[in-house]
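These protein sequence lines map, in sequence, to chains A and P.
First residue of the first sequence: 14, per this note's numbering; consecutive thereafter.
First residue of the second sequence: 14, per this note's numbering; consecutive thereafter.
Be careful, since some hints might not be right.
Put simply, identical chains are the same to the list, so a pair is met inside one copy or across any two.
[Claimed, not checked] With a straight-line cut-off of 25 Å between C-alpha atoms, the simulated DMTMM-like cross-links for lysine to aspartate or glutamate are:
#1 K123 / E428
#2 K302 / E76
#3 K45 / E345
#4 K362 / D301
#5 K122 / D432
#6 K123 / D432
Just so you know, these hints were derived from the structure itself, not from any lab.
The lines below spell out each chain.
Number of protein chains: 2
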Amino acid sequence: MERTRVVQALRSTAPVDDIQIMGWVRTKRDSKQFTFLEVNDGSCLKNIQVIVDSDVPSYSELEGINTGASVRLRGKLVESPGKGQKWEVQATEIALIGAADPEGYPLQKKRHSDEFLRTIAQLRPRTNKYGALYRIRAELAQAIHRFFHERGFYYVHTPIITGSDCEGAGEMFQVTSLDMNTPPRANGQVDHSQDFFGQSAMLTVSGQLSAEVLACSLGNVYTFGPTFRAENSNTPRHAAEFWMVEPEMAFADLKDDIDLAEAFLQYLVTHIREHCSEDLDLFTRFVDKELSATLDNIAENAFVRLPYREAVEILQKARPKQAFEYEPTFGEDLQTEHERYLTETHFQKPVVVYDYPKSIKPFYMRVNDDQETVAAMDVLVPRVGEIIGGSQREERLEVLEGRIADMGLPREEYEWYLDLRRYGTVPHAGFGMGFERVLMFLTGVGNIRDAVPFPRTPGHLHF
Amino acid sequence: MERTRVVQALRSTAPVDDIQIMGWVRTKRDSKQFTFLEVNDGSCLKNIQVIVDSDVPSYSELEGINTGASVRLRGKLVESPGKGQKWEVQATEIALIGAADPEGYPLQKKRHSDEFLRTIAQLRPRTNKYGALYRIRAELAQAIHRFFHERGFYYVHTPIITGSDCEGAGEMFQVTSLDMNTPPRANGQVDHSQDFFGQSAMLTVSGQLSAEVLACSLGNVYTFGPTFRAENSNTPRHAAEFWMVEPEMAFADLKDDIDLAEAFLQYLVTHIREHCSEDLDLFTRFVDKELSATLDNIAENAFVRLPYREAVEILQKARPKQAFEYEPTFGEDLQTEHERYLTETHFQKPVVVYDYPKSIKPFYMRVNDDQETVAAMDVLVPRVGEIIGGSQREERLEVLEGRIADMGLPREEYEWYLDLRRYGTVPHAGFGMGFERVLMFLTGVGNIRDAVPFPRTPGHLHF
Numbered sequence: 014m015e016r017t018r019v020v021q022a023l024r025s026t027a028p029v030d031d032i033q034i035m036g037w038v039r040t041k042r043d044s045k046q047f048t049f050l051e052v053n054d055g056s057c058l059k060n061i062q063v064i065v066d067s068d069v070p071s072y073s074e075l076e077g078i079n080t081g082a083s084v085r086l087r088g089k090l091v092e093s094p095g096k097g098q099k100w101e102v103q104a105t106e107i108a109l110i111g112a113a114d115p116e117g118y119p120l121q122k123k124r125h126s127d128e129f130l131r132t133i134a135q136l137r138p139r140t141n142k143y144g145a146l147y148r149i150r151a152e153l154a155q156a157i158h159r160f161f162h163e164r165g166f167y168y169v170h171t172p173i174i175t176g177s178d179c180e181g182a183g184e185m186f187q188v189t190s191l192d193m194n195t196p197p198r199a200n201g202q203v204d205h206s207q208d209f210f211g212q213s214a215m216l217t218v219s220g221q222l223s224a225e226v227l228a229c230s231l232g233n234v235y236t237f238g239p240t241f242r243a244e245n246s247n248t249p250r251h252a253a254e255f256w257m258v259e260p261e262m263a264f265a266d267l268k269d270d271i272d273l274a275e276a277f278l279q280y281l282v283t284h285i286r287e288h289c290s291e292d293l294d295l296f297t298r299f300v301d302k303e304l305s306a307t308l309d310n311i312a313e314n315a316f317v318r319l320p321y322r323e324a325v326e327i328l329q330k331a332r333p334k335q336a337f338e339y340e341p342t343f344g345e346d347l348q349t350e351h352e353r354y355l356t357e358t359h360f361q362k363p364v365v366v367y368d369y370p371k372s373i374k375p376f377y378m379r380v381n382d383d384q385e386t387v388a389a390m391d392v393l394v395p396r397v398g399e400i401i402g403g404s405q406r407e408e409r410l411e412v413l414e415g416r417i418a419d420m421g422l423p424r425e426e427y428e429w430y431l432d433l434r435r436y437g438t439v440p441h442a443g444f445g446m447g448f449e450r451v452l453m454f455l456t457g458v459g460n461i462r463d464a465v466p467f468p469r470t471p472g473h474l475h476f
Numbered sequence: 014m015e016r017t018r019v020v021q022a023l024r025s026t027a028p029v030d031d032i033q034i035m036g037w038v039r040t041k042r043d044s045k046q047f048t049f050l051e052v053n054d055g056s057c058l059k060n061i062q063v064i065v066d067s068d069v070p071s072y073s074e075l076e077g078i079n080t081g082a083s084v085r086l087r088g089k090l091v092e093s094p095g096k097g098q099k100w101e102v103q104a105t106e107i108a109l110i111g112a113a114d115p116e117g118y119p120l121q122k123k124r125h126s127d128e129f130l131r132t133i134a135q136l137r138p139r140t141n142k143y144g145a146l147y148r149i150r151a152e153l154a155q156a157i158h159r160f161f162h163e164r165g166f167y168y169v170h171t172p173i174i175t176g177s178d179c180e181g182a183g184e185m186f187q188v189t190s191l192d193m194n195t196p197p198r199a200n201g202q203v204d205h206s207q208d209f210f211g212q213s214a215m216l217t218v219s220g221q222l223s224a225e226v227l228a229c230s231l232g233n234v235y236t237f238g239p240t241f242r243a244e245n246s247n248t249p250r251h252a253a254e255f256w257m258v259e260p261e262m263a264f265a266d267l268k269d270d271i272d273l274a275e276a277f278l279q280y281l282v283t284h285i286r287e288h289c290s291e292d293l294d295l296f297t298r299f300v301d302k303e304l305s306a307t308l309d310n311i312a313e314n315a316f317v318r319l320p321y322r323e324a325v326e327i328l329q330k331a332r333p334k335q336a337f338e339y340e341p342t343f344g345e346d347l348q349t350e351h352e353r354y355l356t357e358t359h360f361q362k363p364v365v366v367y368d369y370p371k372s373i374k375p376f377y378m379r380v381n382d383d384q385e386t387v388a389a390m391d392v393l394v395p396r397v398g399e400i401i402g403g404s405q406r407e408e409r410l411e412v413l414e415g416r417i418a419d420m421g422l423p424r425e426e427y428e429w430y431l432d433l434r435r436y437g438t439v440p441h442a443g444f445g446m447g448f449e450r451v452l453m454f455l456t457g458v459g460n461i462r463d464a465v466p467f468p469r470t471p472g473h474l475h476f
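All chains, please: the whole structure from these sequences, using the hints.
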């Protein structure tokens, strides 16, 4: 007999004479004549209530059934007289599939701290909160693919293992197939010419340069894949491995880029509210009371668009009434405190800061006519700060060559990239959005270690 | 003025008075009064034909416009009197965006070999073949997400960096943030306790074990992400980095797994035929004349389901008429020649071989009642061989512990995995499908170096 998923059973429009459910027992309550089970199969937040009458032939199976056990049951789906659920199952048959020793099973009914649950990542998706979080995570990924597909963007896979440090940013993991204990050496150094790729190799920090290739042929593209930082920082917002979304558009400038970022974020918020309302509600109630207002703010407001120069002026004028640890100064990057002041206090809505000083930005960003700034933009949102960073790319060959030289980058590694400017160059632009950051923002979850099922951070590689 | 993508212009249902197109010139032909341009913007295979009358004020711009140049043009979209296209543009304005020096630009009109095009991966997506291939690749990824989403599977991200060798398969890349030239040492060995994760780390070969965690909580899930093999094999079918799809279902057995694999492959074939007919047609015409028949064969036939034992018997009976390099023997893995004989010669349709000998399969596959075989299955298709491999997983704690011990695996690394069997264990099953393999199968492309925009193979890390 076919198994009915709990989400389907709960959405039923009519009673069902004979239904089969499989899932895990969340709670079990005994009364004189009946046993009540709450059964969850992960298909949705809600459990289905099951009533097992003591007359049921397999009633004795219940002895071995405790919280955490997996069960198979058959019965009638009927309207529930009780509060809190429309449907319940009157069991005609129940079977234990896999027991859960009540002495050992860590997920008993009481609430557990996030810190404790991180130590049992193999079990935490069985809790309400983490189940909901990973269902939202899944739907968010679908929403990303749908947004771009509807707009004619092609999904592309850019390399994970790379020979080049795209942003000149350092902090990259090395990849090798050499025996690290006794590697071959040449001139005293490890001889990577004998390594798998015949050279040293690293894990990517961004797929942008490769995505530019595909934008300059297919038109509009996006990546959605893992990226890596070997940054030894133990903060709630940094992981060594995280997923990034990077759209790249040909025949597009910075304004197009900002338009896309705004439409994208608003789409994601709206989509998750529509498709994950039950799961999202858990976070509104238990994790962040202001979540709804924060999401409204994104979905309903046009984003403020503010040149960096004006942003600095606003920040400078805010003092001394507003105390900052770091002085806002033209030519310096905005600090998190500055970003949050702009978006939370001054404008109280999402703010796109653009035209940043050339000196603090990577070589590939398009130099503006003032020669002092580049066509970069960051999207700042209340309660999170920066959530998207992007730019129009430098499409002029000579200017780009000059920037590579000025920054002392190894020109020969960029010849293929320069070809895009040599042959049919076009204005193009794109941005990067950290997937987990958006998930955290949508749910109010404060630690990236919880937004990822199996997080990778300094010293942590378990599971 | 808004840019119209070529794919939209070509699908127009009526003439348009004023349209703006941007793209790259594929060919330019001059006649006395006119210049004809074929312009492509990557949005589809077809170019749009543009007629520039010598009266057009910006006609002189054409001097700098050659094959490969990027252009912006405005004009009227009118019905084309010529053959081969319904619509063409009568330009009223034309502007060069980026020139392409005819001396230097490698993609002149003549056809190039795949080998040559691999050396210019930054430009090859601008050719018809590679443009079509990467558009199909993008649509195939969308189809994968849709298939699972429609069936209530949750998309999950499993770790890329891992501390464990999931399959005990070896051939893994190491990941480190240590200085490989002078790493810290303890007892003569590299001291990975000082490495980023406090232990040695590797790139994943499969997300299965982690996906099992999420299946045993969310129900049905799938991964779609990069996996890695440090296998030094230079074949047309192996890359060091490739994308895998791995569904995992709770409350499912091997039959459910085979059913899913069959439905999945048929869905993908049908989807790509419906959504990429124009691009696919290029491969039917120029790459593989039998492609259509091969795809029909998958889409229209129920897959043969054949126990491994019977497969070996069929192979043994086929001899000596059918010569094999390797003798088909119970207890040995099927060779590619065996797989192809079964699917191409004997059955001439897709074949699922199942119940393989325990001795040649990994520890996590469920031991059958005969104690000799495990609930494993491989899907074989004509012209490719194995395209999917999967199994029902061993859900019985004692049996799994025994297998881990028998195979000499480090038990302590699997404690978290064993917890899934300790607490509410359930029958579950899943499979892995190489994304590039399916793309190659769908297009007839014979070399994985072409199916990936920027392939990673031994000695090759360029771009």
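How the hints compare with the structure:
no.	hint	verdict
1	K123 / E428	between (60 Å within a copy, 24 Å between copies)
2	K302 / E76	neither (41 Å within a copy, 64 Å between copies)
3	K45 / E345	neither (72 Å within a copy, 59 Å between copies)
4	K362 / D301	within (18 Å within a copy, 55 Å between copies)
5	K122 / D432	between (61 Å within a copy, 18 Å between copies)
6	K123 / D432	between (61 Å within a copy, 20 Å between copies)
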